[in-house]
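Enquirer: The primary structure of each chain is shown beneath.
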Amino acid sequence: MEVTVNKVLDAKGLACPMPIVKTKKEMTSLEPGQVIEIQATDKGSTADLKAWAQSTGNQYLGTVEDSNILKHYLRKASAEEEKTETKHPDVVSLDDLLKNLDGNEKITVLDVREPAEYAFGHIPGSINIPLGELEHRFEEIQNAENLHVICRTGNRSDLAAQKLTDKGINYVKNVVPGMKDWTGPVETKQ
Amino acid sequence: MRVAIIAANGGMFDAYKVFNIATAAAATDAEVGIFFTFEGLNLIHKEAHKNLPMPAGTEHFQEGFKKANVPPVEELVGMASEMGVKMIACQMTMDVMSLEKEHFIEGIDVGGAVTFLTFAKEADVTLTF
Chain A
25 MEVTVNKVLD
35 AKGLACPMPI
45 VKTKKEMTSL
55 EPGQVIEIQA
65 TDKGSTADLK
75 AWAQSTGNQY
85 LGTVEDSNIL
95 KHYLRKASAE
105 EEKTETKHPD
115 VVSLDDLLKN
125 LDGNEKITVL
135 DVREPAEYAF
145 GHIPGSINIP
155 LGELEHRFEE
165 IQNAENLHVI
175 CRTGNRSDLA
185 AQKLTDKGIN
195 YVKNVVPGMK
205 DWTGPVETKQ
Chain B
-2 MRVAIIAANG
8 GMFDAYKVFN
18 IATAAAATDA
28 EVGIFFTFEG
38 LNLIHKEAHK
48 NLPMPAGTEH
58 FQEGFKKANV
68 PPVEELVGMA
78 SEMGVKMIAC
88 QMTMDVMSLE
98 KEHFIEGIDV
108 GGAVTFLTFA
118 KEADVTLTF
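Residue numbers (the working numbering), protein chains in the order written: chain A, 25 to 214; chain B, -2 to 126.
It is worth saying that the hints were derived from the structure and are not from the lab. A few of these clues could be false.
Stated by the list, open to error - Chain B is faced by these chain A residues, among others (derived, beta-carbon under 8 Å):
#1 ALA39
#2 ILE44
#3 VAL45
#4 TRP76
#5 THR80
#6 TYR84
#7 VAL115
#8 LEU118
Think of the CB as a built atom: it goes at the ideal place given N, C-alpha and C, for glycine as much as any other residue.
Kindly produce the complete structure, drawing on both the sequences and the hints.
Expert: Below you can see the structure in the form of structure tokens.
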């Protein structure tokens, strides 16, 4: 699986607690929202990094095993996106999104999370354009019908929905809260 | 999270127990304090901590430490210190063993039982090794 990341940390050959200590150090150099790949051979690192992310409020995306090397993906949390305050007026719930996906009317799901988050689980058929790239990749979706924008918590998708509306796209819906509570069908990038 | 640790033993295994937990906790944004008492003082003694004894009959594990690429105690101590782990040497034991503050690594504090208790009172996790 190819995953786009902002930084790669080589923690191969290191024993506990070094992968965690190194991760902590590297995380301070990341901007909120950026993704890091941690390469480790310590078998305990999967459970440890999951727990570490939970304790420190960061986001654990997943782990891929690649010829005895564990590649862990973490996203640095940003305080902003935990706020649920939304400004785009047209919102739909996850239940409604599920109904609309099964309905007769054609809808397009736009996932504005980072590629690494998308890779570890997204709605089948959804298009991935990270919020930060929406400005210059706008053409890819300008003709999409009935756009449903989703992220993890509803915050980035809110900003994206506002941006798309400003660009003149009608009927843009922000899906809330987002993938963190999604129980519908999920596809993983191979 | 606040973690309070008592280090009362001075072997190499004891050093790993203490400093692995301490550095992992510090890396997880915990406030960590270690109270070194009796043989535990070896773990921060300038010379002694670089060459701590392994328990009798376990010398064959030496190879295992190398194979698992476990960092030397010295490195863990340095990391703990760098990450702001508070290290308190027990005044009473120092007096008994005729040790002075300059016999220990840089950056440690010296204190009594109440110093540790005051820190531990608000701790979420308290451990003794």
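Enquirer: Quick one, is the A/ALA39 hint okay against chain B at 8 Å, beta carbons?
Expert: 5 Å, holds
Enquirer: Should the hint that A/VAL45 touches chain B count as held when the rule is a Cβ pair under 8 Å?
Expert: Hint holds; A/VAL45 Cβ to chain B Cβ min 5 Å, cut 8 Å.
Enquirer: With a cut-off of 8 Å, does the beta carbon of A/VAL115 approach a beta carbon of chain B closely enough for the hint to hold?
Expert: 34 Å, violated
Enquirer: So, as I understand it, the hint says A/THR80 touches chain B; can you test that by seeing if any CB pair is closer than 8 Å?
Expert: Hint on A/THR80: holds, closest Cβ of chain B at ~6 Å, below 8 Å.
Enquirer: Next item in the hint list is A/ILE44. Is there a CB on chain B closer than 8 Å to its CB?
Expert: With Cβ-Cβ at 5 Å, under 8 Å, it holds.
Enquirer: With a cut-off of 8 Å on the beta carbons, see whether A/TRP76 makes it to chain B.
Expert: With Cβ-Cβ at 6 Å, under 8 Å, it holds.
Enquirer: Going by Cβ atoms only, is A/LEU118 closer than 8 Å to chain B?
Expert: 32 Å, violated
Enquirer: Checking hints one by one. Is A/TYR84 an interface residue toward chain B, by the C-beta closer than 8 Å rule?
Expert: 13 Å, violated
Violation of the numbered hints given earlier is confined to hints 6, 7 and 8; the remaining hints are satisfied by the structure.
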